[in-house]
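Engineer: Here is what each chain is made of, one letter per residue.
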Amino acid sequence: DTGVSQNPRHKITKRGQNVTFRCDPISEHNRLYWYRQTLGQGPEFLTYFQNEAQLEKSRLLSDRFSAERPKGSFSTLEIQRTEQGDSAMYLCASSQPIRGFTEAFFGQGTRLTVV
Amino acid sequence: KNEVEQSPQNLTAQEGEFITINCSYSVGISALHWLQQHPGGGIVSLFMLSSGKKKHGRLIATINIQEKHSSLHITASHPRDSAVYICAVGVDGAGSYQLTFGKGTKLSVIP
Numbered sequence: 066d067t068g069v070s071q072n073p074r075h076k077i078t079k080r081g082q083n084v085t086f087r088c089d090p091i092s093e094h095n096r097l098y099w100y101r102q103t104l105g106q107g108p109e110f111l112t113y114f115q116n117e118a119q120l121e122k123s124r125l126l127s128d129r130f131s132a133e134r135p136k137g138s139f140s141t142l143e144i145q146r147t148e149q150g151d152s153a154m155y156l157c158a159s160s161q162p163i164r165g166f167t168e169a170f171f172g173q174g175t176r177l178t179v180v
Numbered sequence: 008k009n010e011v012e013q014s015p016q017n018l019t020a021q022e023g024e025f026i027t028i029n030c031s032y033s034v035g036i037s038a039l040h041w042l043q044q045h046p047g048g049g050i051v052s053l054f055m056l057s058s059g060k061k062k063h064g065r066l067i068a069t070i071n072i073q074e075k076h077s078s079l080h081i082t083a084s085h086p087r088d089s090a091v092y093i094c095a096v097g098v099d100g101a102g103s104y105q106l107t108f109g110k111g112t113k114l115s116v117i118p
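From first to last, the protein sequence lines are chains X and P.
Add 65 to the 1-based position in the first sequence for this note's numbering, that's all there is to it.
Add 7 to the 1-based position in the second sequence for this note's numbering, that's all there is to it.
Just chain X, same shape as in the assembly (with noise of 0.2 Å):
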């Protein structure tokens, strides 16, 4: 295990369909945490999860999002009804509190393309 990886790299899709990422975090991190990067701008948060609880969601994360990280270990973040307003990068992340010390690990993101 080398790192976060995210699955697929890129993704195309017509209006309206919907879509679902995936998020495998290094093995042992309990911390996981999606972000949305449109752009010309710095990633913003959508949601975190410690273990499989999801414990903080943004304004940004519309009904139209969800995510989930069953068992604590991968997580998926599905996008229904896709909108031209969601191509965007979606970026993952995991952590994991070292004595006081966090460690936070990025993977290389999904590219999102709603044609």
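Calculated from the structure, these hints are not laboratory results.
It should be emphasised that the depicted structure is a prediction, and the values quoted were computed from it without experimental measurement.
Positions of the beta carbon are idealized from the N, C-alpha and C atoms, including for glycine.
Keep in mind that a hint or two might mislead.
To be verified - Facing chain P, from chain X, some residues (calculated, C-beta under 8 Å):
| no. | residue |
| --- | --- |
| 1 | R87 |
| 2 | Y98 |
| 3 | L104 |
| 4 | Q106 |
| 5 | F110 |
| 6 | F130 |
| 7 | A153 |
| 8 | F171 |
Starting from the structure of chain X, add chain P where the hints point.
Structural biologist: Positioned in the frame of chain X, the structure of chain P alone reads:
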């Protein structure tokens, strides 16, 4: 809420030049991350630091906790260094690690 400012927003350099990208933040942090994002979109974590200085190859990252400022330096820049460099600051909160990102600095290195 932490405000993260990067400068410059865009930077063009000649191959071989020494490059500095700056990051300032407004609230005390647990750690600061420098990330590299290539045109294809993939993000690579370059450094995570909470004090002092780290070096990896031609890349050097420094942080001054008192001044809430970090710099990323690239020595002997090369066209393959062309990318967007993003600064992110992390704060250990109540059970979570809150990350706030800067908007990035787009670097173009010309042969």
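Engineer: With reference to the structure, classify each hint as holding or not holding.
Structural biologist: How the hints compare with the structure:
1. R87: For R87/X, the interface hint is violated, since the closest Cβ of chain P sits about 16 Å away, which is over 8 Å.
2. Y98: Nearest chain P Cβ about 7 Å off; hint holds.
3. L104: violated, 10 Å
4. Q106: Holds. Min distance 6 Å.
5. F110: Interface hint status for F110/X: holds (7 Å vs cutoff 8 Å).
6. F130: Given a least distance of 19 Å, the restraint on F130/X is violated.
7. A153: violated, 10 Å
8. F171: holds, 5 Å
In this structure, the earlier hints numbered 1, 3, 6, 7 are contradicted, and the remaining ones agree with it.
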